[in-house]
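**Student:** Residues per chain are reported as follows:
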Amino acid sequence: MINLAQRDIAHSLGKFVTTALGVGMLIGVVLSMIGIYRGMVHDAMIVPNDIGAQLWVVQKDTLGPFAENSRLHEDLKYSLRGFQGVKEVQPLTFQSIQLPHAIKPVRVFALGYDALSGYKPFVLNEGRAIQTPQKEMIVDDKTGFKIGDKIPLGHESYTVVGRSHKAVSSGGDPMVYLDLDEAQELQFLFSNEQIRNDRARGGVNSSIATVNAFAVMVNDEANASAVAHEIIRWKHQQVFTQKEQTDILTQNMIERSAKQIGMFTMILLIVSSVIISLIIYTMTMGKMKEIAILKLIGAPNSVITKMIVQQSLLLGILAFIGGNIFAHLLYDVFPKTVILLPMDAVKLFGVILVVSLLGSLSGVRSALRVDPSSAIGG
Amino acid sequence: MKHAVISVEKISKSYGSGESAVMAIKEATFEIFSGETVALLGPSGSGKTTLITMIGCITEPTSGKLTLNGNVMYDQKWTISDTRKIRRENIGFIFQSHNLIPFLNVLENVTLVPLMNNIAPKEANAHAKELLEYLGVGDKLDKIPSQLSGGQSQRVAIARSLANNPKIILADEPTAALDSERALSVMKLLRKLAHEQEVAIIVVTHDERMLPLFDRILRVDDGVVLEE
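Sequence lines, in order, name chains A and B.
Just so we're aligned, residue 1 is where the first sequence starts under our numbering, counting upward by one.
Just so we're aligned, residue 1 is where the second sequence starts under our numbering, counting upward by one.
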């Protein structure tokens, strides 16, 4: 039997492919939106994963250090190291800063860590680690700075000695890494004028030996939850396991953004479905004369239905392929990370097949209602 | 011995109901035999198309009995699928405009119906080529309808109507879009086919110059069918 769908498409190939690519661009946007959501979750976990803590010790009654402000005395690290099962304790500071750049200032998320301890809360892509106290800095390549660049920050000028690749905060800002002492100065050291004023007011100058959190690594044989329980019991601070910190980052922090993207994706999917249905319906309406002739010469309904459904599915498949190409061409252009997972594409493919099938129903319904006598006229 | 391929007994068709009802065909009765060419003549709106669509199993009559090739049509047992099958296997249609499927080439247009009748592709192709050759368009097999002239398209349409070896051909003003020379040539061809292949042909026409080519003339006037 002649494949009518195939012949019809071949007859107006340009029109069909253009339509499919148009729908494909819409599907590409849907795919990119899903990728942006995946990227948000991925970005949120980059820093905690690089830090590699099993436990996070933060200020009591806070969700620090990412979701809420947290301040702790740095010397708490000594007593934390004394807990049974604790292998390593790393004091950390976090702050958003803006670095001057030739084109425009770059907003970054700065992580201060004890560079002398040998601990490296980053993955170095090029260059070397920080050697204190030489005002050195590691930057992510997304900042646009190169190794050897001098960056004025506070009263000092920092030299870029290493670069990481695609290390960003949960907000999508590129990371920079500083030695802890220098990071503490940047965050906690008041200006001379402020210190003088505070003294005049009878206040006490606060110490800059302050950190935002401690990353605690436990021994292999130790139970992280038990260690956390002991720290809470004796030190009266908030302790999160890595899983709890992950939940805070992926549920609390990006929940609204994720919901927003989810809603937008759903709306786009509905719009795509409506457009696919309308296109299929219009395509079918454009063939009413041919359908009437087919009925008149005795074509069974199955032949007509098959033609419409096959065209709908092919339109959906072509649009999906076009959408994938579109999304893969564009994903690197987005300022924030976009992650295109094969499983998301497979699920979307399933949705598009269903939408195409449903979309063809209105076309089939109209086609089956066509009066064959309309081909005769009169 | 010629036999009645089409038997129409007191067929009527009305549209609407009550006082607004319009009788398109009023108790038409006639028979058409195999190998016979019959002209259906009448002014616009007289009911010619309604009559042809009833004979073509497209429009169900309000009353009366239609027998096609021995099968009583519109009996309660007939479904849409059955009537389509009857059309596919027994009736060929030729239209005023050739009404070929624009996305199929000449050969595919002609083989479409036989293939739907489960004729083997090789056999359907051979028969279609034979018909197209006979009708003088055997060199146009790969052309699509838009690449053919009006006369060539109408010849392909005739080939399509014959591809299923029908017992009946229903033609609705098949020469209206052709110049007089080509129109005459097409009508002569239909007459020749009717006689050679024992096909009953009903042609709706306005062109009285063609009438001598028909075996019989049925005149439809205000829904009443009269034999001349």
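Don't take each hint at face value.
[Claimed, not checked] Calculated pairs, PhoX-like style, for lysine-lysine (alpha carbon to alpha carbon, straight line, at most 25 Å):
hint, chain 1, residue 1, chain 2, residue 2
1, B, K140, B, K85
2, A, K306, B, K85
3, A, K289, B, K140
4, B, K122, A, K289
5, B, K85, A, K289
[To be verified] One-sided excerpt, in silico: chain B residues whose CB lies under 7 Å from chain A:
hint, residue
6, M23
7, R84
8, R87
9, R88
10, I101
11, L104
12, E108
13, V113
14, I119
15, N125
16, D172
The hints are simulated quantities; they were obtained by calculation from the structure and are not laboratory data.
Every residue gets a Cβ at the ideal spot worked out from N, C-alpha and C, and that includes glycine.
**Student:** For every hint, state whether the structure bears it out.
**Tutor:** Each hint tested on the structure:
no. : hint               : verdict
1   : K140(B) to K85(B)  : violated (29 Å)
2   : K306(A) to K85(B)  : holds (18 Å)
3   : K289(A) to K140(B) : holds (23 Å)
4   : K122(B) to K289(A) : violated (29 Å)
5   : K85(B) to K289(A)  : holds (20 Å)
6   : M23                : violated (17 Å)
7   : R84                : holds (5 Å)
8   : R87                : holds (4 Å)
9   : R88                : holds (3 Å)
10  : I101               : holds (5 Å)
11  : L104               : holds (6 Å)
12  : E108               : holds (5 Å)
13  : V113               : holds (5 Å)
14  : I119               : violated (11 Å)
15  : N125               : violated (11 Å)
16  : D172               : holds (5 Å)
Violated hints, listed in ascending order, are 1, 4, 6, 14 and 15; each of the other numbered hints is respected by the structure.
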